[in-house]
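Engineer: So the protein sequences, as listed, match chains V and W. For the first sequence, our numbering assigns the number 1 to the initial residue and increments by one for each residue that follows. For the second sequence, our numbering assigns the number 1 to the initial residue and increments by one for each residue that follows.
Per the computed footprint, the stretches of chain V lying under chain W, defined by three or more beta-carbons under 8 Å from a beta-carbon of chain W, are:
| id | stretch |
| --- | --- |
| 1 | 59-73 |
| 2 | 76-82 |
| 3 | 89-99 |
In case anyone wonders, no lab produced these hints; they're calculated from the structure. Nothing here was measured: the structure is a model prediction, and the numbers come from that model. A virtual CB, placed ideally from N, CA and C, is assigned to each residue, including glycine.
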Amino acid sequence: MATIEDYINGLKDDATVLAKEEFLDWIRGSKDEPDAFVRNQRAKMERYLAQLANGEITGEEFKQYVVDLRSLIELEMLMQSVATKAKAQDFVAKLQDLVLKRLVSLL
Amino acid sequence: MRRTTSLIHDKRTFLRRFFPSIVLAVVLASGCTWVSYYDPTTYKNLTELKAEVSTLYESFATSKFDSEAVQHLQLKLRQVYEYEKGKGEKNGETAKQVTIIRTMVDRHTQDRISAGPWSAAHLANTKENIEEAFDIAIRTERLKNKND
Chain V
1 MATIEDYING LKDDATVLAK EEFLDWIRGS KDEPDAFVRN QRAKMERYLA
51 QLANGEITGE EFKQYVVDLR SLIELEMLMQ SVATKAKAQD FVAKLQDLVL
101 KRLVSLL
Chain W
1 MRRTTSLIHD KRTFLRRFFP SIVLAVVLAS GCTWVSYYDP TTYKNLTELK
51 AEVSTLYESF ATSKFDSEAV QHLQLKLRQV YEYEKGKGEK NGETAKQVTI
101 IRTMVDRHTQ DRISAGPWSA AHLANTKENI EEAFDIAIRT ERLKNKND
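Isolated chain V, as found in the complex (with noise of 0.2 Å):
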């Protein structure tokens, strides 16, 4: 069962030693990824590489996933768009009922 590392250094090109390197890096630090969906879409990247380096998935079937991965966190943004508009929206909420009809009807 051949390595990620074996098959990343096993590529052709030795003029991108220093991407395959940073790659691997890349990879190795994912477990130390605070951020659960980021760290979740490294595991994947890993997952992915070892099946391709054991012919479990074609080159190919390796590209449309890392489009995949760019759309997930696409929308994984827009989700966070909408949580910060949302608590702001219910922060002015109450600020309009509590404090602007509440409060200031009692001052």
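Dock chain W against the given chain V, drawing on the hints supplied.
Structural biologist: Just chain W now, kept in the frame of chain V:
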């Protein structure tokens, strides 16, 4: 003593007069477009579509390609997109999310057409990603405030 009482009175008068304006100014200064409220129809549409897409993807691992099922699903995705887009600017994020999901489904379907039946590993990986995409959109809807 008299001066202190007068100051308190002045403060109260000031607050009574200007506090609503201050709050209004804060609200307007925030300048952001609020998000639409939680919509149970959106939640239902997305959860149902997630199951339908997953089932369709399972069929992509077999030799039979059901083009009618694909067309039916594409129509439903389009209807959901039109519904979300129709809610206007406040629902921009969800409309964009549906667009991204539609693009993913189209790309995956095209892959099935051009490359043939999916292997077990390819099915598992692709299904995992499309289900996660729906899960994010469903969670997004649940994050929205309820209009009650």
